[in-house]
Each structure stands twice: as structure tokens, then as C-alpha cells.
Amino acid sequence: MSTDTPSAGADGEPMSEDALQERIEELEEKVASLETEVGDDQKKMTIVATQGTFDMAYPPLILASTAAAFGWDVVVFHTFWGLDILHEEKSSDLKLSAVGNPNMPMPNALAALPGMDRMATRMMENKIDENGTATIEELIELSLDQGVDLQACQMTIELMEYDEDDFYDGVTTGVGAATALQHMAESDIQLLV
Amino acid sequence: MSDEFDITETLDVKGASCPMPVVKTKSAIDDLAEGEVLEVLATDSGSMSDLDGWATGTDGVELLEQVEDGDIYKHYVQKTA
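These protein sequences, in sequence, are chains C and Y. Residue numbers for the first sequence follow the working numbering, so the first one is 1 and each next one is one higher. Residue numbers for the second sequence follow the working numbering, so the first one is 1001 and each next one is one higher.
Treat the hints loosely; a few may be bogus.
Claimed, not checked - Under the rule of at most 30 Å between Cα atoms (straight-line distance), these lysine-lysine pairs were calculated in the DSS-like manner: (1) C:Lys127 with Y:Lys1024; (2) Y:Lys1024 with Y:Lys1079; (3) Y:Lys1079 with C:Lys43; (4) C:Lys90 with C:Lys30; (5) Y:Lys1079 with C:Lys95; (6) C:Lys90 with Y:Lys1024.
If you're looking for bench data, these hints aren't it; they were derived computationally from the structure.
Please build the complete structure, drawing on both the sequences and the hints.
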């Protein structure tokens, strides 16, 4: 940032009235822009969503849509399996893992049988429906409507061999780690899910 | 119900759970004019704390009253700006 505040012209002569006036206007503009920056009390939140299981898709979307209701500036950066949440086809078919999930009312040996993930997912979906909890698709639409910036990491789009058109309309593509870091640096809240 | 204020609109989010009561309240408030009051009817017991937290943390809204009426949680939110 430039801190030079010359009281005289470059040649050492006192500044003309016009030059001074110009300088004052310049500084006033700078002060106004700094005031906006400092006085900007809008909170910012960045969530990094890395998981693509049914249960792990919920927390980022619930927090993001609620934060938007607070009027916060929200970015959710989806990477690796988190991309599946934004993938139009895959998002409606996310699975709960029955194996290695100590909250499942069945032993691992049983959970490993074919069809168990599907069954566990079906059970959870029924619960969600009974409880009046929103679906993942509803939360995505809601978040986008409210101005949440849902971002899909470009590197993992290519890694997973997805196409940019595979994602919901309104999803931001063509972004990477640097974009995510820049948002995180400006954020009051940063979460990794 | 209070008669200290007039209700402009009623939002029915009965049966919906977190985060819907808050998110839908925010959308409904956006459609109101300054000074108008929104009545929110919810069955989510978490809405008592959540709407309070939302109203406290959000500019331009004030939570006037919260009433527990049987299974229904009633919230009265005024748009102040």
C-alpha cells in the first residue's frame, strides 16, 4: 500500500491549489474504500466438502443454507468425493456405508454382505422423510437460490473424469486450491468436512 | 397470541425440520416491508433456539415473541429495516 502523502510537488515547489484539491479527493476516496473494508461486518464462511457419502453430504449443506439465511457470504468448495454431492446424477444416489460404521445396528461381517449399503441408505432415507428433513437435492437448490457459492474443484473433476455439465446449474467450476485458500483467508469461519 | 402487533403474513413450516424453519423464515421476511410482522408456525422444537439465534445474528429483524402452543411453536418476527 502506498503511504506517500506529498505536501509539495515533485520539484519541491508547493503544490498548486488544483493539485492539492485533486490529492484531497484521491485521499478521500481511499479513506472511503478503507472504511467500507473495515466496516464490512458481513461474515464469511468457507466449507471444504471432501466426502460423498449420504450422511456426510448433509452437514455442509445445512450449515451453508443456514449461514446464507444469516446473510453471510458462503463458499462451499467440493473436492474429491465431495464432488458427488453436486453431481446431478450421483447426488440422488449417495450411499451410507454400513461397514466400519459403529452406529449401524449390525456387525461388520453382516454389513459387508452385498446390498447392505443400499439397505442402510434406504433406512436412513425413510427416517429423513419421516422426520421432515430436507433431501440433499432440496438443500442444494435452496443453497443456490440463497446465493451460496457451490464450487467444484477443477482438478478433481478431471481426476474423476466428470464433465462440467454433470453438475447442477449454478455450480461454479474452473476453481482450484488457490481460490479456496483465498476465500478461507477472508473467512471468519473455515470448516473441513 | 399477542395483540400488541398485527400479523402481516403467516409462514407454515409445520413438519419441516432444521434448517428449513430458519431458511424459509429468512425468505419470507425478505418479501415483507419494514415494520411488518411474520408469524412462523413450526413443530420443530429446535426452532425455538434456532430462530432466536438467527434473529439475534441477523440485521434488520427482531424476534418479538415466541410461544409454545401445544405441539406448535409460534414465532413472531418483525422486519425492522
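Here is what the structure says about each hint:
1. C:Lys127 with Y:Lys1024: It holds: about 22 Å lies between the C-alpha atoms, which stays within 30 Å.
2. Y:Lys1024 with Y:Lys1079: holds (14 Å)
3. Y:Lys1079 with C:Lys43: holds (20 Å)
4. C:Lys90 with C:Lys30: violated (48 Å)
5. Y:Lys1079 with C:Lys95: Given that 30 Å is the threshold and the Cα spacing comes to 41 Å, the pair is violated.
6. C:Lys90 with Y:Lys1024: Between Lys90 (chain C) and Lys1024 (chain Y) the Cα gap is close to 26 Å, so the pair holds against 30 Å.
Figure legend: structure checked against the earlier numbered hints; hints not met, in rising order: 4, 5.
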